[in-house]
Amino acid sequence: MTERENIFNRIHEALTVKAQAHGETSLPTTADHRRVLPPVGATVDEQFALFARNAVELRAIFKLVKDSNQLTAELRALRDAENWKRVAAHKGQLVSALAGSLGLPLLLTDGGYDKQELEQCDVGISECDALVAQTATVVVTSRTTGGRALSVLPPHHVVIARREQLVPDLSAAFALIKSKHGANYPSMISFITGPSRTGDIERILVLGAHGPKKLTIFCV
Amino acid sequence: MSAPATHFKEDARRVSADLRHRGIIQTAMGKYEVVRDQRQRSFQDWQGARQLAAATKWQAVNHLDKHLEQFAQQIESRGTKVHWASTAAQARDIILGILREKNAKVVVKSKAMTSEEIHLNDAMEQAGYEVVESDLGEFIVQLREEPPYHLVFPAMHLTRGEIKDVFERKLHDAPSDEPEVLTMVARRVLRQKYLQADVGITGANFAIAETGMVSITENEGNARLTAALPRTMITLVGIEKVLPRLEDLALFLPMLAVMGTGQPITCYNTMYGGPRQPGEADGPEEYHVVLLDNQRTTLLADAEQRDALHCIRCGACLNVCPIFRNVGGYTYGTVYGGPIGSVITPHLRGLQDWKHLSYASSLCGACTETCPVKIDLHHHLLQNRRNASRSKPIWWQKIAFKLFAPVANSPALWSLTTKLGRIGQVFHGLIKGGVLDPAEAWTKTRELPPVAKQSFREWWKERK
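Note that the protein sequences, when read in sequence, are chains A and B.
Position one of the first sequence corresponds to residue 13 (the working numbering), numbered consecutively onward.
Position one of the second sequence corresponds to residue 43 (the working numbering), numbered consecutively onward.
I should point out that these hints are in silico values taken from the structure, not numbers from a laboratory.
One should not assume that every hint holds.
Said to hold, decoys possible - From the structure, some residues in chain B lie toward chain A, with a derived Cβ separation under 7 Å: (1) Gly90; (2) Ala146; (3) Leu178; (4) Asp219; (5) Glu222; (6) Glu262; (7) Met313.
Said to hold, decoys possible - Result set (PhoX-like, lysine-lysine): computed pairs, CA atoms no more than 20 Å apart in a straight line: (8) B:Lys495 - B:Lys506; (9) B:Lys506 - A:Lys30; (10) A:Lys127 - B:Lys434; (11) B:Lys235 - B:Lys144; (12) B:Lys235 - A:Lys127; (13) B:Lys444 - B:Lys434; (14) A:Lys30 - B:Lys108; (15) A:Lys192 - A:Lys75; (16) A:Lys192 - A:Lys103.
What the hints assert, rightly or not - Incomplete in silico selection of chain A near chain B, CB under 8 Å: (17) Ile23; (18) Val29; (19) Ala43; (20) Gln128; (21) Gln132; (22) Ser154; (23) Ala161.
We treat Cβ as the ideally placed atom computed from N, Cα and C, and that holds for glycine.
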């Protein structure tokens with residue numbers, strides 16, 4: 013017998029005795045989740061305001077920008093302020109042209125890259141699959157936003173999102189992932205909430221433990 | 043007394059008198075309590091959320107066969123190799139086999155309590171691999187050659203000075219004792235390890251049956267890098283970690299963060315469903331998931347305590363436990379400490395050797411009250427006491443109860459005994475708390491209330 017069969021035999025044997033349940037045991041619905049989780053506001057404006065408040069608390073930077081001109085200007089200002097020398101990004105409607113316009117050496121991660129080279133980049137610029145108001149979370153995937161490392165290896169992660177990508181809560185984000193990818197999920201789906209952090213030394217907050225020290229989210 | 047029980051008693055006595063240790067733990071827990079309470083209040087209905095979480099886990103665990111089957115089938119369909127391990131030794135062999143096959147040299151790990159449970163690091167190091175823990179707290183305790191102190195905060199018992207010392211000794215790099223500076227030293231050192239590592243090993247917080255994904259919760263990004271850079275990725279996960287549906291995470295990710303660290307949600311919550319897929323930029327060529335039983339099915343077979351498998355390892359029951367806060371994480375001598383560890387360790391490692399942990403409780407019920415998935419922790423401790431004395435009765439307790447039963451059943455004998463008790467207590471005073479006292483273990487540190495001058499029956503008779 014294989015170990016798989018051994019384990020399943022023990023499970024079947026164990027489950028012949030029914031456990032007593034305390035209270036309700038049926039699987040909750042999304043409406044149940046929304047009844048108990050923190051409120052997110054009914055209108056899109058309230059949800060943007062919530063996202064912005066959460067971002068401040070997380071020490072992420074969140075900016076609504078008017079158009080691509082303002083976006084380019086914002087990015088150039090960041091480039092100069094932080095003295096970027098190399099930029100990493102991926103091919104995408106929002107980021108390709110933008111990253112190219114910075115006038116710096118550009119590493120595109122699509123189709124593979126040298127990880128030492130990505131490590132040398134000052135910033136990783138990516139799109140996202142969704143923004144979640146409830147938690148100020150950015151949803152990225154290995155397929156749509158440049159792979160697994162682009163959003164964690166460079167010290168600054170810049171996200172370019174569209175306004176219509178805002179969803180109210182985590183439930184809506186999971187529903188969106190399901191409808192967008194069907195059964196063919198990307199191999200990684202990551203919910204990023206603020207820049208990398210640790211409290212492992214005397215419970216004192218330090219940003220940039222392994223991932224980015226800075227997270228900037230521009231929403232067009 | 044079993045060896046673990048002796049060890050527990052000695053360490054508990056020593057650590058609970060250590061004021062420095064007490065100070066560190068009180069400060070850390072004080073900070074935790076403030077943010078946890080604040081986050082709980084932000085929920086519309088925290089108690090309702092606990093009930094929903096308990097119901098979800100009840101479904102997951104009581105239909106474990108169905109969910110595991112679905113999880114394995116789904117994740118295999120995207121090119122993941124699933125391995126099944128009944129024992130710790132089998133799990134170690136599977137992982138060592140993968141390392142051999144891949145001709146690995148450097149292994150980078152993100153935090154995994156299951157790997158502590160099977161003593162994976164020792165096995166890999168003995169086989170000649172360089173093993174690097176990447177979670178900052180785990181990295182620190184690895185440098186100090188210690189096990190993690192706490193499920194969520196592995197280095198919470200250390201001061202910045204002690205951390206600076208070990209960095210100086212082992213890394214020869216510790217410019218100051220500022221947490222920021224020390225964290226950046228670790229970041230630099232570990233970056234190089236990531237770039238060298240051939241294999242990345244992670245644990246998992248949840249295994250989603252519906253979509254065949256493991257979900258990993260973290261703050262630092264170390265698990266993200268572990269899953270991104272090495273060519274081979276291995277996830278070691280207990281079979282009880284299944285959740286039925288992807289959307290269940292909408293509840294569990296915030297609840298785990300609130301109870302674990304007092305955050306609304308942690309920085310990175312990532313679902314992995316396979317190796318690098320066609321058209322993706324990076325990720326491991328091979329992905330292995332090792333599903334670990336290691337006595338979990340023994341606990342599953344105990345219908346009374348089956349809900350202990352609901353545990354999401356948030357550490358909240360440790361944080362509120364007056365015993366944990368006094369005796370500390372190492373005294374337990376177990377991988378899983380605190381109330382949940384005291385409940386499950388006798389199932390995982392033998393009831394008679396570990397039954398003393400069932401008494402490491404004031405039965406105050408703070409653990410049960412805080413548990414986000416409503417595990418009936420303090421009652422399980424009582425059940426473990428009952429099971430232990432049932433399977434191996436203690437001779438003097440048997441005699442004591444044999445004597446007590448007729449006394450308690452006869453009003454005349456009871457009345458005589460209480461009268462004798464009054465006299466006996468006078469003489470007991472002569473030996474109380476000393477080596478001659480048969481009740482020494484109790485009376486050494488506690489007062490026995492005096493037997494009343496008049497019993498209730500006497501008082502009642504007088505009034506009539």
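Taking the hints in turn, this is what the structure says about them:
The beta carbon of glycine 90 of chain B is positioned within 7 Å of a beta carbon in chain A (closest approach about 4 Å), and the interface hint is therefore held. For alanine 146 of chain B, the shortest C-beta to C-beta distance to chain A is roughly 17 Å, which exceeds 7 Å, and the interface hint is violated. The interface hint given for leucine 178 of chain B holds, since its Cβ lies 4 Å from the closest Cβ of chain A, which is under the 7 Å cut-off. Proximity of aspartate 219 of chain B to chain A is violated relative to the hint, the smallest CB-CB distance being about 9 Å (cut-off 7 Å).
Look at glutamate 222 of chain B: its Cβ gets to within about 5 Å of chain A, closer than 7 Å, so that hint holds up. Proximity of glutamate 262 of chain B to chain A holds as hinted, the smallest CB-CB distance being about 4 Å (cut-off 7 Å). The beta carbon of methionine 313 of chain B comes within 5 Å of a beta carbon in chain A, closer than 7 Å, and the hint placing it at the interface holds. Using a Cα cut-off of 20 Å, the hinted pair lysine 495 of chain B and lysine 506 of chain B holds, with the two alpha carbons roughly 19 Å apart.
At roughly 54 Å between alpha-carbon atoms, lysine 506 of chain B and lysine 30 of chain A are farther apart than 20 Å, so this suggested pair is violated. Of the pairs offered as hints, the one joining lysine 127 of chain A and lysine 434 of chain B is violated, with about 59 Å between alpha carbons and a cut-off of 20 Å exceeded. With a C-alpha separation of about 17 Å, the suggested pair lysine 235 of chain B and lysine 144 of chain B falls inside the 20 Å cut-off, and the hint holds. For the given pair, lysine 235 of chain B sits about 13 Å from lysine 127 of chain A by alpha-carbon distance, which is consistent with the 20 Å threshold.
Restraint check for lysine 444 of chain B and lysine 434 of chain B: the C-alpha separation of about 16 Å stays at or below 20 Å, so the hint holds. Between lysine 30 of chain A and lysine 108 of chain B the CA atoms are separated by roughly 15 Å; this keeps the pair inside 20 Å, and the hint holds. Between the alpha carbons of lysine 192 of chain A and lysine 75 of chain A the distance comes to roughly 26 Å, so the proposed pair goes past 20 Å and is violated. Of the supplied pair hints, the one linking lysine 192 of chain A and lysine 103 of chain A holds, its CA atoms being roughly 19 Å apart against a limit of 20 Å.
With a cut of 8 Å, the hint placing isoleucine 23 of chain A at the interface with chain B holds, because the nearest CB-to-CB distance is about 5 Å. The interface hint given for valine 29 of chain A holds, since its Cβ lies 4 Å from the closest Cβ of chain B, which is under the 8 Å cut-off. Look at alanine 43 of chain A: its Cβ only gets to about 11 Å from chain B, farther than 8 Å, so that hint breaks. For glutamine 128 of chain A, the interface hint holds, the least distance from its beta-carbon to any beta-carbon of chain B being 6 Å, beneath 8 Å.
Taken as an interface hint, glutamine 132 of chain A does not check out: its beta carbon lies about 11 Å from the nearest beta carbon of chain B, beyond 8 Å. Interface hint at serine 154 of chain A: satisfied, since its Cβ lies 5 Å from the closest Cβ of chain B, which is below the 8 Å cut-off. Checking alanine 161 of chain A against chain B: minimum C-beta separation of about 4 Å stays under 8 Å; hint holds.
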